[in-house]
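Given the structure of chain X, go ahead and fit chain G onto it with the hints provided.
Next come the chains, spelled out residue by residue.
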Amino acid sequence: MMLDEPLDRPRPISVAQRMLRGLNLDGPLLLGLVTVSGLGMFFLYGAGGENPDLVLRQGVRVGLALVVMICIAQIPTKFLRIWAPWIFLAGIVLLLLVLIMGEIGKGAQRWLDIGFLRFQPSEIMKLAVPMMGAWYLHERPLPPTWRESMFVILVITVLPSVLIARQPDLGTALLIAASGILVILLAGMSIRVILGLGALALAGAPGLWFGMHEYQRQRVLTFLNPESDPLGSGYHIIQSKIAIGSGGVFGKGWLNGTQAQLEFLPERSTDFIFAVIGEEFGLLGLATLLTLYLLIVARGLYVASQAQDTFGRLLAGSISLTFFVYVFVNTGMVTGLLPVVGVPLPLVSYGGTSMVTLMAGFGMLMSIQSHRKLVPH
Amino acid sequence: MFLARASVAAVIMVLLTLLVVGRLIDLQVINYEHFSDLSRGNRVRIEALPPIRGLIYDRSGNLLAENLPSYQLEMVPEGVSDVDGTLDRLVELGLVDADDLPRIKSDIRRQPRFRPTALSYRLSDDKVARFAVVRQHFPGVDVQARLIRNYPYADAAVHALGYVGSVSQADLERLDAADYLGTTHTGKIGVERSQENALHGSVGYRQVLVNAEGRILQELERTQPLPGQDITLTLDLELQLAAEAAMAGRRGAIVAIDPSNGHVLALVSQPGYDPNLFSAGISSDDYRALRDDRDTPLFNRALRGVYPPGSTIKPIVGLAGLDLGAITPWQRIFCIGHYSLPGSSHRYRDWKKEGHGSVALEDAITQSCDVYFYDLAVKLGIDNLQQFLGRFGLGAVTGIDIPSEKPGTLPSREWKRSRFSRREDQVWYPGETVITGIGQGYLETTPLQLANMTATIAARGTRFRPMLVAARTDPATGQVEVVEPEPLPPVTVSDPSYWDRIVEDMTAVVHGERGTARRIGLGTPYRIAGKTGTAQVFTIAQDEEYDEEETDERLRHHALFIAFAPAEAPRIAVAVVVENGGSGSGAAAPVARIVLDNYLLRRTE
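Protein chains in written order, with the numbering used here: chain X, 6 to 382; chain G, 283 to 887.
FYI, nobody ran anything at the bench for these hints, they're computed from the structure.
Hints are not guaranteed to be accurate.
What the hints assert, rightly or not - Label-pair ranges, simulated between beta-carbon atoms:
{"hint": "1", "chain 1": "X", "residue 1": "Ile105", "chain 2": "G", "residue 2": "Pro767", "range": "36 to 46 Å"}
{"hint": "2", "chain 1": "G", "residue 1": "Ser703", "chain 2": "X", "residue 2": "Leu104", "range": "30 to 40 Å"}
{"hint": "3", "chain 1": "G", "residue 1": "Asp575", "chain 2": "X", "residue 2": "Pro211", "range": "27 to 37 Å"}
{"hint": "4", "chain 1": "X", "residue 1": "Val65", "chain 2": "G", "residue 2": "Ala678", "range": "54 to 64 Å"}
{"hint": "5", "chain 1": "X", "residue 1": "Leu69", "chain 2": "G", "residue 2": "Ala678", "range": "41 to 51 Å"}
{"hint": "6", "chain 1": "G", "residue 1": "Pro778", "chain 2": "X", "residue 2": "Leu101", "range": "38 to 48 Å"}
{"hint": "7", "chain 1": "X", "residue 1": "Gly54", "chain 2": "G", "residue 2": "Gln418", "range": "51 to 61 Å"}
{"hint": "8", "chain 1": "X", "residue 1": "Gly54", "chain 2": "G", "residue 2": "Ser318", "range": "19 to 29 Å"}
{"hint": "9", "chain 1": "G", "residue 1": "Pro767", "chain 2": "X", "residue 2": "Leu101", "range": "44 to 54 Å"}
{"hint": "10", "chain 1": "G", "residue 1": "Ser566", "chain 2": "X", "residue 2": "Pro211", "range": "35 to 45 Å"}
{"hint": "11", "chain 1": "X", "residue 1": "Val254", "chain 2": "G", "residue 2": "Ala758", "range": "46 to 56 Å"}
{"hint": "12", "chain 1": "G", "residue 1": "Ala758", "chain 2": "X", "residue 2": "Phe47", "range": "46 to 56 Å"}
{"hint": "13", "chain 1": "G", "residue 1": "Arg705", "chain 2": "X", "residue 2": "Ile105", "range": "29 to 39 Å"}
{"hint": "14", "chain 1": "X", "residue 1": "Leu104", "chain 2": "G", "residue 2": "Ser566", "range": "50 to 60 Å"}
To be verified - Residues on chain G that point at chain X, a partial pick, calculated with CB under 8 Å:
{"hint": "15", "residue": "Leu285"}
{"hint": "16", "residue": "Val302"}
{"hint": "17", "residue": "Arg305"}
{"hint": "18", "residue": "Gln310"}
{"hint": "19", "residue": "His316"}
Said to hold, decoys possible - Rough simulated footprint, nothing fancy, chain X against chain G, three-plus residues with beta-carbon under 8 Å:
{"hint": "20", "region": "295 to 301"}
{"hint": "21", "region": "557 to 564"}
Since this is a predicted model, take the numbers as computed values, not measurements.
Glycine included, C-beta positions come from ideal geometry on N, C-alpha and C.
Just chain X, same shape as in the assembly (with noise of 0.2 Å):
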């Protein structure tokens, strides 16, 4: 043994691992994202008609984002730390535009069209929202006072929602919500105050009914009985059932799904996935697939428990179990549990934007842990 070597010298690493963190990335994170969204390919090519072009295009998307979330595993955490209240203030500016814009063009306004570029300032906000929270509980005392909890509740959290619940987007508006609730939630928020918040919800619920538009409401009926209205909203559920029911355990087997290949199944490549994969590998698959989520979700709240500072904790906390509200909400969507709200299952539905918002937040968990200090072993 060479006397210059450290005693703590780390056990020899493998080419692999060497370039891994190298690149700031998280082996097991990125194995399971990559899993998911490699099956998700294979999956979309028999929801989608066997078309290769639909899988090709979904490949570009996957691959662009990969990128993306490489870049930002480059950037260390102090930087999304500083940056927060700057995007989110950005966030919430694009969002106005596209209201303003939205009362003159009439109708569903989601887009954002700049010339070149077209995009959904919600996406932004998917990840400013719980930035934003864990940049203003940072340097804070934990757990928050009452009045720390309500300023990330009212306005980190529900002014946004509001915002985009308006466009009308009331899916997006719930998970963004979502994610920073929880960050409130993991900071340590009085069991009393979430109590009387609850309290305050269900009191409100009447007046939310009242504010909601007329499809957002039929999509509450329609779930409350999905019967009720067949030819509509419900036909989506009563299809969807069908499919998922008949694929049994073990599945009818790839591209042998009848009910999504026949298109008897609506939105089948999109918001419905989950039903053409539950006809076509049956419980089994789901089941696998569920278990590839949790164990990307535990990953993601293992490095929050690693990460060294209350910013980098919380927003990887929240940024993980969003991660799966999004799934909880697709799959009880889809097996009839939740209302229709048009939520992606993340990873593997067609759809691009999502797509990349989703790993541009894998991106920051990945400089959470990867641009932590030295640490003594």
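Then chain G, alone, in the frame of chain X:
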């Protein structure tokens, strides 16, 4: 703290996942047989059952719009691999008219692919039989028994009734798409459009088992559609037909209103068209012919035609003068056949070149003296005049319960400022006040506005929103929902006896010795109050004469007449506009007499 919370979150997460897995076990293991049955070989399809459209009646129960069963050939584009080829083969077999192909193709493009598109309507039994033989070669195409809208009186009251046409993409954005899944036609204009919600009913559905080719094997479940409500109109068919006959061959409009409640008794716009063309899928040639017709049959003159009201507004200008104290009934002025503003040499001519001599209000109305009203308008000023005419609803939509009404124009200083961009055009000139006094210049009204104005005079200031829909009846329960008349802010004058004054003068227009419409007053068992009007279509230069015989037919004056009767207890108010008819007394007043006679002298059983 964080770790504790994160652990709780992890536990909740696992529990929620187990909930989803539990649901999956419920669907995929416990109920596997059930869902497998539904999906295997025979698949469940949910089919919409369109509701039966409500019927439309006139006020005495005559059927104006009904549904007749008819066979039609339909295609569901989703089930057809080669749409163009299929259509070509159907044309060769004589089952589809080649002229309809552009219409069919645009329908297919505009509709969702799972919705049936009608290929040909009103199939004969022979064609139904011919298709039955070749049916198996045409997957996705089938003969369906449908109810199609039929208007038994064809073009009668078409501008009030409107028509139905195929549901377009634009319609679906406006309507509840789910409720229209089985519906092929929707109201496009008129009562059919404004009462669409009531007439349509709500969709039913059935769950059926279909085989791989999409043919139905068995019905599993059915929810009946709810038929639409029947509509009873305020229109009086007999009066409507008489009014249309009186106007036949001419261009113009008639609106008759019951002054006591705003019920529209007749609404005529001539020429009209046959709405049955639209319910059976109008061919592009037919449509182009209607659209490009020089007489614009599709144009609703009663609601959208704007005409200078001419002398028909003189009674209310007179009323304004009395109300605001600008004149008294006995005050006289001397008419020398023209009027000039102080300090100006421009002559505003009277229709009677030699002048009416000394005239008081009564003479001015009965003989329609222009100079009197030029003078009165200047005395009142445009602000007062505009404000008073506005109280009778001029310059604003009446709010009748069918769409696309126009507001016309009631000019004011402010209106001129916002209407014109050039500085010198924005100024209100005194000369414009002068001609507003005889209903010329910028002033423009619809026949409907004139009729409602007349009804307001007849009812001594009480006003109603004109209405066509009297009641809605639920055919299933027989429950009748009566639509109540809606009062509008009434016109009040400083002395109610002014109303009698004006009505008396209007009665003298028809029954007085020198009244401009005295020819129609002969031999009536009831008394008519009326006012003639003649609206210039183009301006005659200062040094020119208007010669009816010499003038191109399209440039002749519009003839107007407003009337109500019986003068002492009015039951009907009517406004008649005959485009390029020449003079109000000659062309429009006799039409009004026919309308009044029909309504008031009818044998009652």
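Status of the hints after comparison with the structure:
Checked against the given bound of 36 to 46 Å, the beta carbons of Ile105(X) and Pro767(G), roughly 43 Å apart, stay inside it. Range check, Ser703(G) to Leu104(X): Cβ separation about 33 Å, and the 30 to 40 Å hint holds. Roughly 56 Å separates the CB atoms of Asp575(G) and Pro211(X), a value that falls outside the hinted 27 to 37 Å. For Val65(X) paired with Ala678(G), a C-beta distance near 58 Å keeps the hint of 54 to 64 Å intact.
Roughly 58 Å separates the CB atoms of Leu69(X) and Ala678(G), a value that falls outside the hinted 41 to 51 Å. Distance hint check: the CB atoms of Pro778(G) and Leu101(X) are about 57 Å apart, inconsistent with the given range 38 to 48 Å. At about 27 Å, the beta-carbon gap between Gly54(X) and Gln418(G) misses the expected band of 51 to 61 Å. A hinted range of 19 to 29 Å holds for the C-beta pair Gly54(X) and Ser318(G), which are about 23 Å apart.
Under the hint 44 to 54 Å, the C-beta atoms of Pro767(G) and Leu101(X), about 47 Å apart, fit the expected range. One distance hint, 35 to 45 Å for the beta-carbon pair Ser566(G) and Pro211(X), is violated here, with the actual separation near 52 Å. In this structure the supplied range 46 to 56 Å holds for Val254(X) paired with Ala758(G), their Cβ-Cβ distance being about 48 Å. Separated by about 54 Å at the C-beta atoms, Ala758(G) and Phe47(X) satisfy the suggested range of 46 to 56 Å.
The beta-carbon spacing between Arg705(G) and Ile105(X), approximately 34 Å, falls within the hinted interval of 29 to 39 Å. For Leu104(X) and Ser566(G), the Cβ-Cβ distance of about 42 Å falls outside the hinted range of 50 to 60 Å, so the restraint is violated. Hint on Leu285(G) holds. Least Cβ distance to chain X is approximately 6 Å, under the 8 Å limit. Interface hint at Val302(G): satisfied, since its Cβ lies 5 Å from the closest Cβ of chain X, which is below the 8 Å cut-off.
Satisfaction of the interface hint for Arg305(G) is found here, the shortest Cβ-Cβ separation to chain X being roughly 5 Å, below the 8 Å cut-off. The criterion of a C-beta within 8 Å of any C-beta in chain X is met by Gln310(G), whose closest approach is roughly 5 Å, and the hint holds. Taking 8 Å as the C-beta contact cut-off toward chain X, the hint placing His316(G) at the interface holds, the least distance being around 7 Å. Coverage of the region 295 to 301 of chain G by chain X holds in this model, with 5 residues showing a Cβ closer than 8 Å to a Cβ of that chain against a need of three.
With 0 residues bearing a CB less than 8 Å from a CB of chain X, the region 557 to 564 of chain G misses the requirement of three and the coverage assertion fails.
Of the numbered hints stated above, those contradicted by the structure are hints 3, 5, 6, 7, 10, 14, 21, listed in ascending order.
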